[in-house]
Amino acid sequence: MKEMSIQKEIIDDFKVLDGDLEMTLNYLMELGEKLDVFNEKDKKEENIVKGCQSKVWLTYKKSEDKLFFSGDSNTAITKGLLSLLIRIFSGKSCKEILDTKLFFIGDIGLNRFIGTQRSNGLESMENKFRIIALSNK
Amino acid sequence: MKEMSIQKEIIDDFKVLDGDLEMTLNYLMELGEKLDVFNEKDKKEENIVKGCQSKVWLTYKKSEDKLFFSGDSNTAITKGLLSLLIRIFSGKSCKEILDTKLFFIGDIGLNRFIGTQRSNGLESMENKFRIIALSNK
Amino acid sequence: MNSFPINSIRKDFPILKSKINNHDLVYFDNAATTQKPQSVIDSISNYYEKYNSNIHRGVHSLAEKATNEFEKTRTKIKKFINAKSNTEIVFTRGTTEGINLISSSLGKYKFSEGDEIIISEMEHHSNIVPWQMIAKEKNLKLNMINVTDEGKIDLNDFKNIISSKTKLVSLVHISNTLGTVNPIKEIVEICNTNNIISVIDGAQASAHSVIDVQNINCDFYVLSAHKMYGPTGVGVVYGKEKLLEEMPPYMGGGEMIKEVKFSGTSYNDLPYKFEAGTPNIGDVIGFKEAINYIENLGKDQIIQYEDKLRDYAQKELNSIDGFRIIGNSENKIGIFSFTIENFHYYDLGLLLDAKGIAVRTGHHCTQPLMDKYNLDGTARVSLALYNTEEEVDFFVDSVKNLLNR
Amino acid sequence: MNSFPINSIRKDFPILKSKINNHDLVYFDNAATTQKPQSVIDSISNYYEKYNSNIHRGVHSLAEKATNEFEKTRTKIKKFINAKSNTEIVFTRGTTEGINLISSSLGKYKFSEGDEIIISEMEHHSNIVPWQMIAKEKNLKLNMINVTDEGKIDLNDFKNIISSKTKLVSLVHISNTLGTVNPIKEIVEICNTNNIISVIDGAQASAHSVIDVQNINCDFYVLSAHKMYGPTGVGVVYGKEKLLEEMPPYMGGGEMIKEVKFSGTSYNDLPYKFEAGTPNIGDVIGFKEAINYIENLGKDQIIQYEDKLRDYAQKELNSIDGFRIIGNSENKIGIFSFTIENFHYYDLGLLLDAKGIAVRTGHHCTQPLMDKYNLDGTARVSLALYNTEEEVDFFVDSVKNLLNR
Ligand SMILES: Cc1ncc(COP(=O)(O)O)c(C=O)c1O
Ligand SMILES: Cc1ncc(COP(=O)(O)O)c(C=O)c1O
Numbered sequence: 001m002k003e004m005s006i007q008k009e010i011i012d013d014f015k016v017l018d019g020d021l022e023m024t025l026n027y028l029m030e031l032g033e034k035l036d037v038f039n040e041k042d043k044k045e046e047n048i049v050k051g052c053q054s055k056v057w058l059t060y061k062k063s064e065d066k067l068f069f070s071g072d073s074n075t076a077i078t079k080g081l082l083s084l085l086i087r088i089f090s091g092k093s094c095k096e097i098l099d100t101k102l103f104f105i106g107d108i109g110l111n112r113f114i115g116t117q118r119s120n121g122l123e124s125m126e127n128k129f130r131i132i133a134l135s136n137k
Numbered sequence: 001m002k003e004m005s006i007q008k009e010i011i012d013d014f015k016v017l018d019g020d021l022e023m024t025l026n027y028l029m030e031l032g033e034k035l036d037v038f039n040e041k042d043k044k045e046e047n048i049v050k051g052c053q054s055k056v057w058l059t060y061k062k063s064e065d066k067l068f069f070s071g072d073s074n075t076a077i078t079k080g081l082l083s084l085l086i087r088i089f090s091g092k093s094c095k096e097i098l099d100t101k102l103f104f105i106g107d108i109g110l111n112r113f114i115g116t117q118r119s120n121g122l123e124s125m126e127n128k129f130r131i132i133a134l135s136n137k
Numbered sequence: 001m002n003s004f005p006i007n008s009i010r011k012d013f014p015i016l017k018s019k020i021n022n023h024d025l026v027y028f029d030n031a032a033t034t035q036k037p038q039s040v041i042d043s044i045s046n047y048y049e050k051y052n053s054n055i056h057r058g059v060h061s062l063a064e065k066a067t068n069e070f071e072k073t074r075t076k077i078k079k080f081i082n083a084k085s086n087t088e089i090v091f092t093r094g095t096t097e098g099i100n101l102i103s104s105s106l107g108k109y110k111f112s113e114g115d116e117i118i119i120s121e122m123e124h125h126s127n128i129v130p131w132q133m134i135a136k137e138k139n140l141k142l143n144m145i146n147v148t149d150e151g152k153i154d155l156n157d158f159k160n161i162i163s164s165k166t167k168l169v170s171l172v173h174i175s176n177t178l179g180t181v182n183p184i185k186e187i188v189e190i191c192n193t194n195n196i197i198s199v200i201d202g203a204q205a206s207a208h209s210v211i212d213v214q215n216i217n218c219d220f221y222v223l224s225a226h227k228m229y230g231p232t233g234v235g236v237v238y239g240k241e242k243l244l245e246e247m248p249p250y251m252g253g254g255e256m257i258k259e260v261k262f263s264g265t266s267y268n269d270l271p272y273k274f275e276a277g278t279p280n281i282g283d284v285i286g287f288k289e290a291i292n293y294i295e296n297l298g299k300d301q302i303i304q305y306e307d308k309l310r311d312y313a314q315k316e317l318n319s320i321d322g323f324r325i326i327g328n329s330e331n332k333i334g335i336f337s338f339t340i341e342n343f344h345y346y347d348l349g350l351l352l353d354a355k356g357i358a359v360r361t362g363h364h365c366t367q368p369l370m371d372k373y374n375l376d377g378t379a380r381v382s383l384a385l386y387n388t389e390e391e392v393d394f395f396v397d398s399v400k401n402l403l404n405r
Numbered sequence: 001m002n003s004f005p006i007n008s009i010r011k012d013f014p015i016l017k018s019k020i021n022n023h024d025l026v027y028f029d030n031a032a033t034t035q036k037p038q039s040v041i042d043s044i045s046n047y048y049e050k051y052n053s054n055i056h057r058g059v060h061s062l063a064e065k066a067t068n069e070f071e072k073t074r075t076k077i078k079k080f081i082n083a084k085s086n087t088e089i090v091f092t093r094g095t096t097e098g099i100n101l102i103s104s105s106l107g108k109y110k111f112s113e114g115d116e117i118i119i120s121e122m123e124h125h126s127n128i129v130p131w132q133m134i135a136k137e138k139n140l141k142l143n144m145i146n147v148t149d150e151g152k153i154d155l156n157d158f159k160n161i162i163s164s165k166t167k168l169v170s171l172v173h174i175s176n177t178l179g180t181v182n183p184i185k186e187i188v189e190i191c192n193t194n195n196i197i198s199v200i201d202g203a204q205a206s207a208h209s210v211i212d213v214q215n216i217n218c219d220f221y222v223l224s225a226h227k228m229y230g231p232t233g234v235g236v237v238y239g240k241e242k243l244l245e246e247m248p249p250y251m252g253g254g255e256m257i258k259e260v261k262f263s264g265t266s267y268n269d270l271p272y273k274f275e276a277g278t279p280n281i282g283d284v285i286g287f288k289e290a291i292n293y294i295e296n297l298g299k300d301q302i303i304q305y306e307d308k309l310r311d312y313a314q315k316e317l318n319s320i321d322g323f324r325i326i327g328n329s330e331n332k333i334g335i336f337s338f339t340i341e342n343f344h345y346y347d348l349g350l351l352l353d354a355k356g357i358a359v360r361t362g363h364h365c366t367q368p369l370m371d372k373y374n375l376d377g378t379a380r381v382s383l384a385l386y387n388t389e390e391e392v393d394f395f396v397d398s399v400k401n402l403l404n405r
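Chains as they are written, first to last, in this note's numbering: chain S, 1 to 137; chain C, 1 to 137; chain D, 1 to 405; chain W, 1 to 405.
Don't take each hint at face value.
The calculated lysine-lysine pairs, modelled on DSS-like cross-linking and capped at a C-alpha distance of 25 Å, are [stated by the list, open to error]:
{"id": "1", "chain 1": "W", "residue 1": "LYS372", "chain 2": "D", "residue 2": "LYS258"}
{"id": "2", "chain 1": "C", "residue 1": "LYS41", "chain 2": "C", "residue 2": "LYS95"}
{"id": "3", "chain 1": "D", "residue 1": "LYS136", "chain 2": "D", "residue 2": "LYS110"}
{"id": "4", "chain 1": "W", "residue 1": "LYS65", "chain 2": "D", "residue 2": "LYS11"}
{"id": "5", "chain 1": "D", "residue 1": "LYS242", "chain 2": "W", "residue 2": "LYS136"}
{"id": "6", "chain 1": "W", "residue 1": "LYS110", "chain 2": "D", "residue 2": "LYS108"}
{"id": "7", "chain 1": "C", "residue 1": "LYS50", "chain 2": "D", "residue 2": "LYS136"}
{"id": "8", "chain 1": "W", "residue 1": "LYS108", "chain 2": "D", "residue 2": "LYS138"}
{"id": "9", "chain 1": "D", "residue 1": "LYS165", "chain 2": "D", "residue 2": "LYS240"}
{"id": "10", "chain 1": "W", "residue 1": "LYS315", "chain 2": "W", "residue 2": "LYS110"}
{"id": "11", "chain 1": "C", "residue 1": "LYS44", "chain 2": "C", "residue 2": "LYS8"}
{"id": "12", "chain 1": "W", "residue 1": "LYS50", "chain 2": "D", "residue 2": "LYS19"}
{"id": "13", "chain 1": "D", "residue 1": "LYS400", "chain 2": "D", "residue 2": "LYS308"}
{"id": "14", "chain 1": "W", "residue 1": "LYS372", "chain 2": "D", "residue 2": "LYS110"}
{"id": "15", "chain 1": "W", "residue 1": "LYS108", "chain 2": "C", "residue 2": "LYS55"}
{"id": "16", "chain 1": "S", "residue 1": "LYS43", "chain 2": "S", "residue 2": "LYS8"}
{"id": "17", "chain 1": "W", "residue 1": "LYS136", "chain 2": "D", "residue 2": "LYS258"}
{"id": "18", "chain 1": "W", "residue 1": "LYS258", "chain 2": "W", "residue 2": "LYS185"}
{"id": "19", "chain 1": "W", "residue 1": "LYS261", "chain 2": "C", "residue 2": "LYS44"}
{"id": "20", "chain 1": "D", "residue 1": "LYS72", "chain 2": "W", "residue 2": "LYS19"}
{"id": "21", "chain 1": "W", "residue 1": "LYS79", "chain 2": "W", "residue 2": "LYS261"}
{"id": "22", "chain 1": "W", "residue 1": "LYS72", "chain 2": "W", "residue 2": "LYS258"}
{"id": "23", "chain 1": "W", "residue 1": "LYS108", "chain 2": "S", "residue 2": "LYS44"}
{"id": "24", "chain 1": "W", "residue 1": "LYS141", "chain 2": "W", "residue 2": "LYS372"}
{"id": "25", "chain 1": "W", "residue 1": "LYS261", "chain 2": "C", "residue 2": "LYS43"}
{"id": "26", "chain 1": "S", "residue 1": "LYS101", "chain 2": "S", "residue 2": "LYS44"}
Worth flagging that the hints you see were computed from the coordinates, not collected in a lab.
Predicted, not measured: the structure shown is a model, and the values here were computed from it.
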């Protein structure tokens, strides 16, 4: 269960922040900043994931049967979230991606990014990963 | 101020009931029953005063310069109210009727028949008296 | 009935402690609106005291909390009526707005001149006037199904007036005047076979019978929170997703759009397409507690209790001289419209009020039904889960006393 | 400002005691919805606990009391906006429903193909989409008045786009995004001279400026209770009696009728003709306390306090590096939409929330305005009578800290 262990790693990483929202958001933004530079040319319509207030671009490369993602966002916090998803999903096969259930988000104190709120794009981001995986199966 | 004294008489009459709503309504109904018998032929459209839930008929005779009213209602309580208005307005001149301000109703614990409630016809009844007075001036 | 905790239930409803004209309140006007348990009242205060915020577009914590609680009501009602998805649950002010939403939106694309709409003689004005308005606007024909002397839908008449031009049938599930429970499943089945849109007015049914919209298989089901122990100002339109998808919005404004350009606007996803403007957030949140209340007692237990109370009331009421109940279907809930010989309903209403008993009097917003029975009104006793046999007794005694005056 | 009892005012609003993410709540999202004083919250509970009943047609004591309290709000609002008569005050769910009521009802008889409607670039979606919908349905032309770079209505442009075909102008009194106070009296005068119907969207103005509809002399004025310290789910359409009289009803149903016959229906008197179905009784009653609250403090005192706070905020906000305020009319209220260089509003909103500060972010339901300024959104601080200079300081410090991260 490799995907479980990445999420557990993430939860461990956030643990030191002790649920402090401000520090958590700051840490998220730092993670986002560490993402590989995204190719400006890939910022086109078909790669967009639309949230209500932020934009996300997501592309991938396939190597052997594994998918490798890269992405960007116009907002720092969403970019941080995206970086976590990339960490979880990149380097996995399509089947592995589809089998991966996300559970880390509540455990790092970011419940607010899931559920009924439509003003964030976490769910749409997650879906985009899965759609890419599906279409490459 | 004869009209004042009739209303004061009414208030006095009701005083013994001590604001008890049930007794007040019963007394009202008794007063209604004592009204002179109304001529069935006069129960026509033009004599109707429409409340929301009850019907009232009102006619009058003019003698010298005074108006004498008779009326009926399909509900006993409204008929009681009507009898009070007839007692107040009958035998007065048009001018006296128009000059008469009603104040007794609150003092006999029947505030519910005035104001914003549209389910009663007190206001429409009162208006009918005044309209008759106006048209005879 | 033993297991139904009526004493503690009565304590849950603070208004039941009231004195009205020096008597204990006996509230028998439940078909007009029901009373609210403390939990509903408190949840509204709690919203305003702790997390009031406008919803959906805010990123701050209050907006997030308010949005989540608001949407939880949607999920709750979805389960309560067994809809397939939250997208099928649209919040309105009440049943009346719900029916207007449907008639007006369908009117914009579904109906053409000469099409026919069927309602019944026992409909509430809220299920008559919207159809009269759209019929007038679009030159449609509006038909009314006859109601029998007992107060039942005449099914044969219904089958007779259906034609190839019939586009929609809108019927009350339970009549607010007669108490009759209509065979809506049978009626909807006929509609579905004939490709006719079905609308069910569930204003009276939602608190007093089990609602399963997938089982009924109707296209629309409409209800009001205030008739099911919830606050005023909230209602629900359930609509099948496929229909809601194709329908144009009813109102335009904030929240129901995806993108507004001067050149044109694209609408939001369901159900938001039908929820323009700031909704009644506080009361939608309160509504959830009303459903919780019903679910905690158990709908089946409630119905069992209410059925027993209805039978008791029916028997006792009939012991009053000159008492005539309008609506005697064998399938009815505890709603009794009645007349008493030589006793006008208006006098009766006022005299009962003097004893603390609240009944409704008049045409109950069903004038065509009154006309049918040649009445200009009735008095109406309508029962709810907190009413008791003792209250029925007090009512019956009071009426008998009035008659012996 | 000395005399403005800000400390005791803050105690009147229970939510202001809240801790958000371990910080004191700083609520700067008042243009979305305002918080409610305890008196408003209590009056709603009190209604449900003591005299909840359906209104208007009941003869029992609860119905009588509820009806009277409900109608007292109408009288209160009539005086508050200086309407001529209670018949000119129609209750709705909010501003959005109000504008839809007007557009839809007028649409049924006033407009014909080719007629023109004018709105402005700074309108809220709720004052755009209803007009787009009716324009599409009836083949009308919809024009938008330009907004200047400062965020003001371009009056010359307005005069230029008026034509002999202009039938209606609908304008916001105070912009929810820019804070601009529009010269509505001047604009309405032009409308009246040209026989053009005028609609004023008062959603933002009603709590923060004096409203006198006879002085403005507009045909319609629309507002929402929840933006003036009242509950969600209530709004008002003021309309001149003459127009309301001739307008067809918006919704059909209970309460808005005089007589329903199968053959046709006659409508009730004003304002009931426009109030179909059970209204939001509890919240209408609560709304009265909100107006009482404003009146007890004194509108003039409130405005004086808010103006001073606005000036203070404006000065302090401008001390933030890279801070740009969108909307710099010399006549504006304490609404500040802004961008900060290299700082996305969404990040800002979330980071401020972590410090307990609630601001709104996004397009504020004014996308055409955002397009005009080439923005996809802003963050917005909007002030109300319970906000303080200390809160402004905390906000400014917090933003500066975030920028120095
Ligand atoms: C200027 C303006 N108009 C209209 C509205 C819509 O008001 P409501 O959402 O209460 O219907 C708002 C509030 O969002 C507003 O600020
Ligand atoms: C059967 C029925 N339909 C419709 C309505 C209208 O509901 P509301 O007034 O909540 O809109 C009622 C309630 O009066 C009703 O009893």
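query: Broken hints, numbered, in rising order?
result: 2, 7, 10, 11, 14, 15, 16, 18, 21, 23, 26
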